[in-house]
Amino acid sequence: MPEVDARIDSHTWSSPPPDYDGVDRQQRPAANGVASRVDNPLCQFDARVKISTIPQFYRNVNRMTEILSVLSKYGLADGISRLNLDFAKGLLKNREGEALARHTRETRIRMALAELGPTFIKLGQILSTRPDLVGSALAHELTQLQDQAPTDPPEVIRQIVTDELGQPIEDIFIEFHDTPIASASIGQVHRARLRDGRDVVVKVQHAGIDDIVRKDLDVISGLAQLVERLPEFAPYRPVETIAEFQRTLRRELDFGREERNLNQFYLRFQNHAKIRVPQPISELCTPKILTMEMLEGVKLCDPDPPGGDLIDREEIARCGADAYLDMIFTDGFFHADPHPGNLLILPDNRLGLLDFGMVGRIDERLREQFEDLLMAIVSHDPVALASLIMRMGRVPADLDRAQLQNDLADFVAVYGSQPL
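Note that our numbering numbers the sequence shown so that position 376 is 386, with each residue one more than the last.
It should be emphasised that the hints constitute simulated quantities derived from the structure, not laboratory data. Glycine residues also receive a C-beta, built at the ideal position from the N, C-alpha and C atoms. Hints may contain errors.
What the hints assert, rightly or not - Label-pair ranges, simulated between beta-carbon atoms:
1) L383 - R208: 43 to 51 Å
2) P141 - E180: 22 to 30 Å
3) R377 - N72: 41 to 49 Å
4) E381 - T114: 38 to 46 Å
5) T114 - A283: 40 to 48 Å
6) A283 - P141: 27 to 35 Å
7) R371 - R404: 36 to 44 Å
8) D314 - R205: 32 to 40 Å
9) Q274 - L356: 15 to 23 Å
10) G342 - V393: 25 to 33 Å
11) A217 - V388: 21 to 29 Å
I would like the entire structure built from these sequences, with the hints used as guidance.
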(Lines of atoms letter the chains of each structure in order from A; the text may use other names.)
(Lines give C-alpha, C1' and ligand atoms only; values in the text may rest on other atoms or scores of the structure.)
Protein backbone atom coordinates (compact mmCIF):
# COMPACT_ATOMS: atom_id res chain seq x y z
CA MET A 11 0.00 0.00 0.00
CA PRO A 12 1.40 3.47 -0.79
CA GLU A 13 2.43 5.49 2.22
CA VAL A 14 0.39 8.60 2.96
CA ASP A 15 2.53 11.68 3.48
CA ALA A 16 0.45 13.67 5.96
CA ARG A 17 2.67 16.76 5.75
CA ILE A 18 1.98 17.61 9.36
CA ASP A 19 4.21 19.70 11.58
CA SER A 20 5.19 16.88 13.88
CA HIS A 21 6.17 13.36 12.88
CA THR A 22 5.30 10.94 10.12
CA TRP A 23 6.92 7.56 10.58
CA SER A 24 7.71 4.98 7.96
CA SER A 25 6.92 1.34 8.66
CA PRO A 26 9.75 -0.62 10.29
CA PRO A 27 11.41 -3.46 8.42
CA PRO A 28 10.70 -7.04 9.44
CA ASP A 29 13.21 -8.70 11.72
CA TYR A 30 16.37 -9.45 9.83
CA ASP A 31 17.39 -13.07 10.29
CA GLY A 32 21.11 -12.44 9.93
CA VAL A 33 21.42 -14.00 6.47
CA ASP A 34 22.44 -11.85 3.53
CA ARG A 35 20.71 -13.80 0.81
CA GLN A 36 21.89 -11.54 -2.01
CA GLN A 37 25.59 -11.82 -1.26
CA ARG A 38 27.39 -14.59 -3.17
CA PRO A 39 31.00 -15.60 -2.55
CA ALA A 40 33.45 -15.08 -5.37
CA ALA A 41 36.06 -17.62 -6.36
CA ASN A 42 38.52 -16.31 -3.79
CA GLY A 43 35.98 -16.64 -0.98
CA VAL A 44 35.35 -12.88 -0.77
CA ALA A 45 31.90 -11.52 -1.52
CA SER A 46 31.62 -10.19 -5.03
CA ARG A 47 31.15 -6.42 -5.17
CA VAL A 48 29.15 -6.81 -8.38
CA ASP A 49 26.68 -9.31 -6.92
CA ASN A 50 26.39 -7.65 -3.52
CA PRO A 51 24.03 -4.62 -3.54
CA LEU A 52 25.76 -3.35 -0.40
CA CYS A 53 28.87 -2.78 -2.47
CA GLN A 54 27.53 0.21 -4.34
CA PHE A 55 29.81 2.08 -1.95
CA ASP A 56 33.28 1.35 -0.60
CA ALA A 57 33.28 -2.08 1.03
CA ARG A 58 35.34 -0.77 3.96
CA VAL A 59 33.72 2.33 5.43
CA LYS A 60 36.16 4.47 7.39
CA ILE A 61 35.05 6.75 10.21
CA SER A 62 36.58 9.82 8.52
CA THR A 63 34.21 9.41 5.55
CA ILE A 64 31.11 10.00 7.71
CA PRO A 65 31.29 13.44 9.43
CA GLN A 66 28.63 12.58 12.03
CA PHE A 67 30.73 9.65 13.27
CA TYR A 68 34.03 11.50 13.15
CA ARG A 69 32.63 14.34 15.29
CA ASN A 70 31.19 11.95 17.88
CA VAL A 71 33.48 8.93 17.77
CA ASN A 72 33.13 8.08 21.48
CA ARG A 73 29.34 8.19 21.42
CA MET A 74 29.24 6.23 18.18
CA THR A 75 31.38 3.55 19.78
CA GLU A 76 29.06 3.40 22.79
CA ILE A 77 25.93 3.10 20.62
CA LEU A 78 27.38 0.28 18.53
CA SER A 79 28.51 -1.54 21.66
CA VAL A 80 25.05 -1.35 23.23
CA LEU A 81 23.30 -2.48 20.05
CA SER A 82 25.70 -5.39 19.81
CA LYS A 83 25.25 -6.22 23.49
CA TYR A 84 21.53 -6.71 22.94
CA GLY A 85 21.92 -8.58 19.65
CA LEU A 86 20.53 -5.73 17.55
CA ALA A 87 23.49 -4.89 15.32
CA ASP A 88 23.21 -7.64 12.73
CA GLY A 89 22.37 -5.29 9.87
CA ILE A 90 25.08 -2.78 10.75
CA SER A 91 27.68 -5.54 11.02
CA ARG A 92 27.19 -6.29 7.32
CA LEU A 93 28.33 -2.79 6.38
CA ASN A 94 31.95 -3.73 7.13
CA LEU A 95 32.73 -0.59 9.14
CA ASP A 96 36.47 -0.28 9.76
CA PHE A 97 36.02 1.61 13.02
CA ALA A 98 33.48 -0.89 14.39
CA LYS A 99 35.68 -3.96 14.21
CA GLY A 100 35.56 -5.73 17.55
CA LEU A 101 32.52 -3.76 18.75
CA LEU A 102 29.82 -5.67 16.93
CA LYS A 103 30.13 -8.82 18.99
CA ASN A 104 27.52 -9.93 21.49
CA ARG A 105 29.55 -10.83 24.56
CA GLU A 106 26.44 -11.35 26.69
CA GLY A 107 24.47 -13.48 24.25
CA GLU A 108 23.68 -16.30 26.63
CA ALA A 109 22.51 -13.98 29.39
CA LEU A 110 20.25 -12.07 26.98
CA ALA A 111 18.93 -15.07 25.07
CA ARG A 112 16.04 -15.50 27.51
CA HIS A 113 14.69 -12.05 26.59
CA THR A 114 12.44 -11.48 23.60
CA ARG A 115 13.64 -9.23 20.79
CA GLU A 116 11.07 -6.62 21.91
CA THR A 117 12.47 -6.63 25.44
CA ARG A 118 16.03 -6.33 24.15
CA ILE A 119 15.05 -3.33 22.02
CA ARG A 120 13.46 -1.65 25.04
CA MET A 121 16.49 -2.39 27.23
CA ALA A 122 18.89 -1.04 24.60
CA LEU A 123 16.92 2.18 24.16
CA ALA A 124 16.78 2.71 27.93
CA GLU A 125 20.53 2.14 28.28
CA LEU A 126 21.34 4.52 25.42
CA GLY A 127 19.67 7.42 27.20
CA PRO A 128 17.25 10.32 26.62
CA THR A 129 17.27 10.60 22.83
CA PHE A 130 16.67 6.90 22.33
CA ILE A 131 14.12 6.78 25.16
CA LYS A 132 12.18 9.50 23.36
CA LEU A 133 12.31 7.54 20.12
CA GLY A 134 10.94 4.53 21.98
CA GLN A 135 8.18 6.58 23.60
CA ILE A 136 7.04 7.81 20.21
CA LEU A 137 7.09 4.33 18.72
CA SER A 138 5.12 2.98 21.69
CA THR A 139 2.11 4.88 20.36
CA ARG A 140 2.44 3.38 16.87
CA PRO A 141 1.55 -0.33 16.98
CA ASP A 142 0.51 0.05 13.35
CA LEU A 143 4.17 0.64 12.50
CA VAL A 144 6.14 -1.47 14.96
CA GLY A 145 3.60 -4.15 15.85
CA SER A 146 1.56 -4.51 19.02
CA ALA A 147 4.16 -6.59 20.88
CA LEU A 148 6.96 -4.02 20.52
CA ALA A 149 4.61 -1.06 21.09
CA HIS A 150 3.39 -2.63 24.33
CA GLU A 151 6.95 -3.31 25.49
CA LEU A 152 8.01 0.27 24.74
CA THR A 153 5.21 1.68 26.91
CA GLN A 154 7.48 0.83 29.84
CA LEU A 155 9.68 3.73 28.73
CA GLN A 156 6.91 6.24 29.46
CA ASP A 157 7.63 8.28 32.60
CA GLN A 158 10.52 5.98 33.54
CA ALA A 159 13.48 8.04 32.37
CA PRO A 160 16.34 8.69 34.82
CA THR A 161 15.95 11.70 37.12
CA ASP A 162 18.35 14.48 38.08
CA PRO A 163 19.16 14.93 41.79
CA PRO A 164 17.26 17.63 43.75
CA GLU A 165 20.24 19.97 44.08
CA VAL A 166 20.71 20.00 40.30
CA ILE A 167 17.02 20.70 39.65
CA ARG A 168 16.88 23.48 42.25
CA GLN A 169 19.94 25.13 40.73
CA ILE A 170 18.43 25.00 37.23
CA VAL A 171 15.18 26.56 38.48
CA THR A 172 17.07 29.27 40.36
CA ASP A 173 19.30 30.10 37.40
CA GLU A 174 16.43 30.15 34.91
CA LEU A 175 14.02 32.23 37.01
CA GLY A 176 16.68 34.54 38.39
CA GLN A 177 15.83 34.23 42.09
CA PRO A 178 16.04 31.66 44.88
CA ILE A 179 13.46 28.92 44.62
CA GLU A 180 12.18 29.75 48.13
CA ASP A 181 11.24 33.26 46.98
CA ILE A 182 8.96 31.85 44.27
CA PHE A 183 7.37 28.78 45.84
CA ILE A 184 6.22 28.13 49.40
CA GLU A 185 6.51 24.42 48.56
CA PHE A 186 8.65 22.63 46.00
CA HIS A 187 8.64 18.82 46.07
CA ASP A 188 12.08 17.42 45.34
CA THR A 189 10.72 14.02 44.32
CA PRO A 190 9.45 14.28 40.72
CA ILE A 191 5.98 13.00 39.90
CA ALA A 192 7.20 12.01 36.42
CA SER A 193 10.40 11.93 34.43
CA ALA A 194 10.59 11.78 30.66
CA SER A 195 13.42 11.90 28.18
CA ILE A 196 13.68 15.70 27.99
CA GLY A 197 12.75 16.75 31.51
CA GLN A 198 11.10 15.90 34.81
CA VAL A 199 8.01 17.26 36.55
CA HIS A 200 7.72 18.50 40.15
CA ARG A 201 4.76 19.58 42.26
CA ALA A 202 4.98 23.05 43.76
CA ARG A 203 2.81 25.73 45.38
CA LEU A 204 3.03 29.41 44.55
CA ARG A 205 3.01 32.08 47.23
CA ASP A 206 -0.56 32.98 46.24
CA GLY A 207 -1.62 29.42 47.14
CA ARG A 208 -2.03 28.00 43.64
CA ASP A 209 -0.87 24.43 43.12
CA VAL A 210 1.31 24.09 40.04
CA VAL A 211 3.65 21.66 38.34
CA VAL A 212 7.10 22.68 37.19
CA LYS A 213 8.64 20.90 34.21
CA VAL A 214 12.43 21.21 34.27
CA GLN A 215 14.81 20.20 31.49
CA HIS A 216 17.41 17.63 32.44
CA ALA A 217 20.87 19.09 33.00
CA GLY A 218 22.91 19.12 29.81
CA ILE A 219 20.12 17.53 27.79
CA ASP A 220 20.53 19.93 24.88
CA ASP A 221 24.11 18.86 24.21
CA ILE A 222 23.31 15.16 24.74
CA VAL A 223 20.38 15.19 22.31
CA ARG A 224 22.18 17.15 19.62
CA LYS A 225 25.16 14.78 19.64
CA ASP A 226 22.89 11.73 19.57
CA LEU A 227 20.85 13.14 16.70
CA ASP A 228 24.05 13.74 14.78
CA VAL A 229 25.11 10.11 15.26
CA ILE A 230 21.65 8.73 14.48
CA SER A 231 21.64 10.75 11.26
CA GLY A 232 24.90 9.08 10.23
CA LEU A 233 23.54 5.65 11.13
CA ALA A 234 20.46 6.32 9.01
CA GLN A 235 22.66 7.10 6.01
CA LEU A 236 24.38 3.74 6.45
CA VAL A 237 21.24 1.71 7.10
CA GLU A 238 19.53 3.17 4.03
CA ARG A 239 22.19 1.40 1.95
CA LEU A 240 20.84 -1.97 3.11
CA PRO A 241 18.33 -3.15 0.50
CA GLU A 242 15.74 -4.38 3.01
CA PHE A 243 15.77 -1.04 4.88
CA ALA A 244 15.90 1.36 1.91
CA PRO A 245 12.13 1.30 1.13
CA TYR A 246 11.46 2.73 4.59
CA ARG A 247 13.60 5.81 3.96
CA PRO A 248 15.59 5.88 7.24
CA VAL A 249 17.27 9.20 6.36
CA GLU A 250 13.96 10.97 5.83
CA THR A 251 12.39 9.38 8.90
CA ILE A 252 15.27 10.34 11.18
CA ALA A 253 15.32 13.87 9.73
CA GLU A 254 11.69 14.23 10.83
CA PHE A 255 12.55 12.84 14.27
CA GLN A 256 15.37 15.39 14.51
CA ARG A 257 13.04 18.29 13.73
CA THR A 258 10.51 17.07 16.28
CA LEU A 259 12.98 16.56 19.10
CA ARG A 260 14.77 19.86 18.52
CA ARG A 261 11.42 21.63 18.84
CA GLU A 262 10.79 19.81 22.11
CA LEU A 263 14.03 21.18 23.53
CA ASP A 264 12.50 24.68 23.42
CA PHE A 265 10.08 24.96 26.33
CA GLY A 266 9.21 28.46 25.11
CA ARG A 267 7.67 26.85 22.06
CA GLU A 268 5.81 24.35 24.23
CA GLU A 269 4.47 27.19 26.39
CA ARG A 270 3.02 28.87 23.29
CA ASN A 271 1.43 25.58 22.21
CA LEU A 272 0.06 25.01 25.71
CA ASN A 273 -1.45 28.48 25.89
CA GLN A 274 -3.11 28.07 22.49
CA PHE A 275 -4.71 24.80 23.55
CA TYR A 276 -5.67 26.23 26.95
CA LEU A 277 -7.55 29.07 25.26
CA ARG A 278 -9.14 26.61 22.84
CA PHE A 279 -10.54 24.38 25.60
CA GLN A 280 -10.95 26.71 28.58
CA ASN A 281 -14.75 26.66 28.26
CA HIS A 282 -15.07 23.02 27.19
CA ALA A 283 -17.31 20.93 29.43
CA LYS A 284 -15.30 17.72 29.19
CA ILE A 285 -11.72 18.61 28.18
CA ARG A 286 -9.18 20.37 30.41
CA VAL A 287 -5.79 21.80 29.49
CA PRO A 288 -3.59 23.31 32.23
CA GLN A 289 -3.04 27.06 32.13
CA PRO A 290 0.62 28.07 31.74
CA ILE A 291 2.09 30.51 34.28
CA SER A 292 3.89 32.62 31.70
CA GLU A 293 6.02 34.65 34.12
CA LEU A 294 7.54 31.39 35.40
CA CYS A 295 8.35 29.91 31.99
CA THR A 296 11.69 30.00 30.19
CA PRO A 297 13.28 27.94 27.40
CA LYS A 298 14.20 25.36 30.09
CA ILE A 299 11.37 25.76 32.65
CA LEU A 300 7.63 25.31 32.10
CA THR A 301 5.24 26.11 34.97
CA MET A 302 1.51 25.39 34.70
CA GLU A 303 -1.53 24.82 36.87
CA MET A 304 -1.89 21.43 38.52
CA LEU A 305 -4.60 19.10 37.23
CA GLU A 306 -5.65 16.53 39.85
CA GLY A 307 -6.50 13.19 38.29
CA VAL A 308 -5.29 9.70 37.47
CA LYS A 309 -3.45 8.63 34.37
CA LEU A 310 -5.43 6.86 31.70
CA CYS A 311 -2.96 3.98 31.84
CA ASP A 312 -3.56 3.32 35.56
CA PRO A 313 -5.14 -0.17 35.65
CA ASP A 314 -6.66 0.26 39.13
CA PRO A 315 -7.24 3.97 39.82
CA PRO A 316 -8.82 5.27 43.04
CA GLY A 317 -12.58 5.58 42.62
CA GLY A 318 -12.42 3.39 39.53
CA ASP A 319 -16.06 2.37 39.90
CA LEU A 320 -17.06 5.99 39.21
CA ILE A 321 -15.03 6.23 36.01
CA ASP A 322 -16.95 5.90 32.75
CA ARG A 323 -14.16 5.00 30.36
CA GLU A 324 -16.53 4.72 27.42
CA GLU A 325 -17.71 8.29 27.97
CA ILE A 326 -14.13 9.52 28.37
CA ALA A 327 -13.08 7.75 25.16
CA ARG A 328 -16.01 9.31 23.30
CA CYS A 329 -15.15 12.80 24.56
CA GLY A 330 -11.49 12.34 23.70
CA ALA A 331 -12.29 11.13 20.19
CA ASP A 332 -14.65 14.06 19.64
CA ALA A 333 -11.99 16.49 20.85
CA TYR A 334 -9.36 15.04 18.51
CA LEU A 335 -11.71 15.12 15.54
CA ASP A 336 -12.38 18.79 16.31
CA MET A 337 -8.67 19.53 16.62
CA ILE A 338 -7.87 17.85 13.32
CA PHE A 339 -10.85 18.69 11.12
CA THR A 340 -11.88 22.07 12.58
CA ASP A 341 -8.69 23.62 13.92
CA GLY A 342 -6.03 21.85 11.86
CA PHE A 343 -3.86 21.98 14.99
CA PHE A 344 -3.70 18.99 17.32
CA HIS A 345 -1.92 17.36 20.25
CA ALA A 346 0.45 14.89 18.58
CA ASP A 347 1.69 12.83 21.54
CA PRO A 348 -1.44 11.26 23.06
CA HIS A 349 0.16 8.29 24.79
CA PRO A 350 -1.63 7.20 28.01
CA GLY A 351 0.91 8.97 30.23
CA ASN A 352 -0.18 12.30 28.73
CA LEU A 353 -3.90 11.77 29.37
CA LEU A 354 -5.53 12.28 32.78
CA ILE A 355 -8.93 11.13 34.00
CA LEU A 356 -10.31 14.05 36.00
CA PRO A 357 -13.30 14.21 38.36
CA ASP A 358 -16.73 14.06 36.69
CA ASN A 359 -15.30 11.94 33.86
CA ARG A 360 -13.43 14.80 32.25
CA LEU A 361 -10.25 14.31 30.25
CA GLY A 362 -7.05 16.27 30.88
CA LEU A 363 -4.45 16.75 28.12
CA LEU A 364 -0.79 17.11 29.07
CA ASP A 365 2.54 17.71 27.32
CA PHE A 366 2.33 19.89 24.23
CA GLY A 367 5.92 19.60 23.07
CA MET A 368 4.72 17.68 20.02
CA VAL A 369 1.88 19.18 18.00
CA GLY A 370 0.64 18.61 14.48
CA ARG A 371 -0.75 20.91 11.82
CA ILE A 372 -2.88 19.98 8.82
CA ASP A 373 -3.80 22.49 6.13
CA GLU A 374 -7.33 22.84 4.79
CA ARG A 375 -6.65 20.92 1.57
CA LEU A 376 -5.36 17.88 3.44
CA ARG A 377 -8.25 18.07 5.92
CA GLU A 378 -10.69 17.90 3.03
CA GLN A 379 -8.87 14.86 1.64
CA PHE A 380 -9.08 13.11 5.01
CA GLU A 381 -12.79 13.87 5.14
CA ASP A 382 -13.22 12.33 1.69
CA LEU A 383 -11.20 9.33 2.83
CA LEU A 384 -13.47 8.77 5.84
CA MET A 385 -16.54 9.11 3.64
CA ALA A 386 -15.15 6.47 1.27
CA ILE A 387 -14.73 4.11 4.23
CA VAL A 388 -18.23 4.57 5.65
CA SER A 389 -19.65 4.38 2.10
CA HIS A 390 -17.91 1.02 1.54
CA ASP A 391 -16.18 2.35 -1.59
CA PRO A 392 -12.73 0.72 -1.90
CA VAL A 393 -12.23 2.08 -5.43
CA ALA A 394 -12.62 5.69 -4.26
CA LEU A 395 -10.52 4.92 -1.19
CA ALA A 396 -7.69 3.54 -3.34
CA SER A 397 -7.77 6.62 -5.59
CA LEU A 398 -7.61 8.94 -2.57
CA ILE A 399 -4.70 7.07 -0.99
CA MET A 400 -2.78 7.10 -4.26
CA ARG A 401 -3.42 10.83 -4.65
CA MET A 402 -2.43 11.65 -1.07
CA GLY A 403 0.52 9.30 -0.74
CA ARG A 404 3.72 8.24 -2.40
CA VAL A 405 2.99 5.49 -4.87
CA PRO A 406 5.65 2.84 -5.56
CA ALA A 407 6.36 2.30 -9.24
CA ASP A 408 5.41 -1.36 -8.99
CA LEU A 409 2.14 -0.83 -7.09
CA ASP A 410 -0.54 -3.38 -7.95
CA ARG A 411 -3.64 -1.20 -7.95
CA ALA A 412 -6.03 -4.13 -8.21
CA GLN A 413 -4.45 -5.80 -5.19
CA LEU A 414 -4.59 -2.51 -3.28
CA GLN A 415 -8.32 -2.25 -3.97
CA ASN A 416 -8.85 -5.84 -2.83
CA ASP A 417 -6.97 -5.18 0.41
CA LEU A 418 -8.98 -2.01 1.00
CA ALA A 419 -12.22 -3.88 0.32
CA ASP A 420 -11.31 -6.24 3.18
CA PHE A 421 -10.48 -3.25 5.38
CA VAL A 422 -13.77 -1.50 4.57
CA ALA A 423 -15.73 -4.69 5.25
CA VAL A 424 -14.33 -4.79 8.79
CA TYR A 425 -14.31 -1.09 9.73
CA GLY A 426 -16.79 0.60 7.40
CA SER A 427 -19.82 -0.15 9.57
CA GLN A 428 -18.25 0.71 12.91
CA PRO A 429 -19.22 4.03 14.52
CA LEU A 430 -16.66 6.81 14.37
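Hints, verified against the model:
About 44 Å separates the C-beta atoms of L383 and R208, a value consistent with the hinted range of 43 to 51 Å. Take P141 and E180: their Cβ atoms lie about 46 Å apart, and the range 22 to 30 Å is violated. The beta-carbon spacing between R377 and N72, approximately 46 Å, falls within the hinted interval of 41 to 49 Å. For E381 and T114, the hinted distance range of 38 to 46 Å is satisfied, since their beta carbons lie about 40 Å from each other.
Judged by the Cβ atoms, the range 40 to 48 Å given for T114 and A283 holds: they are separated by roughly 44 Å. Under the hint 27 to 35 Å, the C-beta atoms of A283 and P141, about 31 Å apart, fit the expected range. Take R371 and R404: their Cβ atoms lie about 20 Å apart, and the range 36 to 44 Å is violated. Checked against the hint of 32 to 40 Å, the C-beta distance between D314 and R205 comes to roughly 36 Å, which is consistent with it.
The beta-carbon spacing between Q274 and L356, approximately 20 Å, falls within the hinted interval of 15 to 23 Å. Look at G342 against V393: about 28 Å separates their beta carbons, and that is inside 25 to 33 Å. In this structure, A217 and V388 break the distance hint of 21 to 29 Å, their C-beta atoms being roughly 51 Å apart.
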